[in-house]
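Q: Take a look at the letters that make up each chain.
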Amino acid sequence: MKIFLLFLLTLSLYANSKEDLLNLYKNEKYENACNFGLANLKDNRRDEEFVSIYALSCLESDHINRLAIPITILKFSPEARANSAYFSVILMQKRLLYHALLDGYDLSSLNLPTTNFILSTVFDLYAEQAKNTKNDFYIFTDKNDNRISYKLYLEKHNKLNKIIIEKFYDKKLIQQHMYW
Amino acid sequence: MLNINELEKRWFVYKIKSYTPYLIITILILLTSSLLLFLFYNDNSLKNKVSIEKKEVKKFETHETYVKIADKVPTTAPVDIPKIKNDIQKVVLQPSLNFIDNVVINKPETSKKKIIKEKIIEVKPEPIIEKIIEVKINPEPIIEKIPVEENVSLQINKQNTSNDINLVIKRFKTNNNPALSLFIAKKYYEIGNFNQAYNYALITNQLNKDIEESWIIFSKSLVKLNKKDKAVEVLKQYVEYSNSSRAEILLSNIISGKFK
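Read top to bottom, the protein sequences are chains X and R. Position 109 of the first sequence, counted from 1, bears residue number 945 in the numbering used here, the numbering being contiguous throughout. Position 187 of the second sequence, counted from 1, bears residue number 167 in the numbering used here, the numbering being contiguous throughout.
This is chain R alone, in the form it adopts within the complex (with noise of 0.2 Å):
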């Protein structure tokens, strides 16, 4: 008879045996690795550790105004921080403007209409513009000749400032009123026709020299038809006139840029 407890015995330690290579190869590989990983670690702190030092030497460098003062200072005085504090420059911010000229419209058909129909209006107060050309002194004319699109339909339909803007030029060709003419310099400012507003302000200026309003509009708009120096110069000459501190002010943005 064949003893089977004695066989199962003997085949469980065969196995194990079999088994036991392939488990003292991988304790020597964890045991390896870990050993390197451990390593690694040591030589990496070592390195933060060598770097932490050579900062805070540096630290300590930087800082060697402040060791100068505590050093002549007694330790129970306090250190004069805010004197240091005062030294660091302050950062200047300044928003971004360069996309407002860069500013991308997609105008609909409509709109194409619409700047026809404001030119339509504009062409209207040419007479004055003549006059203007015999009265002035210094600054030349600006006579703008714009291409009328001849479409009558497009005439039905007019902006209320401008219409405003007419009814006060009748009123203004009948009484010769210098604060009529100075509405109309300030409306015609305000939708951005500068030419008009140029001629309407200089009128206002030879009716009264004394309206600083449209001396101001006046001067804005020669800025916006690109005649800086010219703006310069009148405003100057008026400052000195009339001591000024709205044009004084307008002058000084006028030279640095800001009002452009």
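In isolation and in its complexed conformation, chain X is listed as follows (with noise of 0.2 Å):
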């Protein structure tokens, strides 16, 4: 009987915290949602669909880097193992942009899978672009909107180097991501 009980009090516990990820992401305060995903990730690492709040919730954040343990996480149901290739790409990248950045590694032989998602978007253009080029920054203009552009560079922030995007829509900024 007490090991029910036990079982019923973790089982909601666990629904708690889904419920409340899901608020939080819903309610687009990705930040949250991404600090709060981490938190209890070690009790949820089963749970593909709170693994994948996690994500999406930390890719709206830019915190790309924690999409690592997802993607290794994320492969029992074909949604799961969907969102585990499209979070492999970005990352993916996200690491070669910023070795293309910073070392010159060329990228224009590459033809990798790609994603409606910002750092994507930015990454094929750069591929295309900037090949055999180094500048201080770039500035793309989107393909299908000519009143969106980007601007690509870096900026050191603490001995760090940092991917700094910024999308304008008609030369008025409108969002800016770091990368690192």
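Source of the hints: derived by calculation from the structure; they are not laboratory data. Hints may be right or wrong, so weigh each one.
Cut-off 20 Å, straight-line C-alpha distance, at most; resulting in silico cross-link-like pairs (DMTMM-like, lysine to aspartate or glutamate) [said to hold, decoys possible]:
| id | chain 1 | residue 1 | chain 2 | residue 2 |
| --- | --- | --- | --- | --- |
| 1 | R | K167 | R | E193 |
| 2 | R | K238 | X | D981 |
| 3 | R | K167 | X | E864 |
| 4 | R | K70 | X | E864 |
These two chains come separately, so use the hints to put the complex back together.
A: Next comes the structure, spelled out in structure tokens:
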């Protein structure tokens, strides 16, 4: 009986953390959702829905390095595998872009899958347009919308180079992302 | 006397002779099986060779474009491979978000009480809704009738956010400051009470037409209340009036279905 009660209690706790995470995600509080997911990941590792929401929140709040664990965990359902592949591509593109910007690695010969995420868009534009050139910053125009443009550059924060991507709509800054 | 040595030799020869047919049969079987195996292997390798040759021919056919280019261009000149590479369409991966709508949460009993508490809090600012009905021009007011469960003990514990909202509502009633009504609208939107968010954003818009944030909350609430068309209509009018890029982005997101 005690074991059963304990099981019910743990089940309810898990359900609560998942519900809280989902609410944070739906209310677009991605930073909070990502931190909350990280804090509760240990207890919810086997719940692929929890892990997926956590990873999506981290993606939206620019914590791409945190995707590494979800990528390895998500494998049992078709949806989880799709998300895992999606996160893998973004993480890989981030690492490759970082390598290219810092060390001049040539990305033009690569033909990788892509996503609709801003980092992938900028990665594709950089790989196509910025080959064999090393500038302080790069400005790309969106292929689908001329009014949208992106600025890509490196900035040093605490002795660490960080990738900055800025998105402009009619030359007005609407988004800024920082990756390292 | 018997010659035992001679007898033993004869016996040994006899014994060997008796085994010979078995020995011959096993040798024959081994030979035939090895022969068969050898033949079978040879046949397979021949087939493989043929299929590889076929594949090579196919590959050659698919790379016809490369060959043609190579024929035209002198051998020393670099072949323009990247051009051909660009023609290959990239695979676009997308996250699978279907599970979010189907997430099953085993709610514990306490969560039921929590919902009832929230509902009781939501009912309080009803008089303001009635005011809105009189003032509003275009969109229809949304009045929700929530059954209030008579459980006095549940009213003791209120959420901090709702407490904050109630305090701000009191302040707003005294001074009618649009900044306060915008704050209330935002808070209601954050906690998922889109009806009240809509109402307070509407009040803010009536008090001051130039607050971009208020129009955005107003439109977002309309979308959440399944009134996408009205949200689009309102945003279009606001974009025409203010040229707001944020409103324009939200409008495109609503139309494309990115914002639901």
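Q: Run every hint past the structure and note whether it holds.
A: Against the structure, the hints come out as follows:
no.: 1; hint: K167(R) <-> E193(R); in the structure: 13 Å, holds
no.: 2; hint: K238(R) <-> D981(X); in the structure: 16 Å, holds
no.: 3; hint: K167(R) <-> E864(X); in the structure: 13 Å, holds
no.: 4; hint: K70(R) <-> E864(X); in the structure: 30 Å, violated
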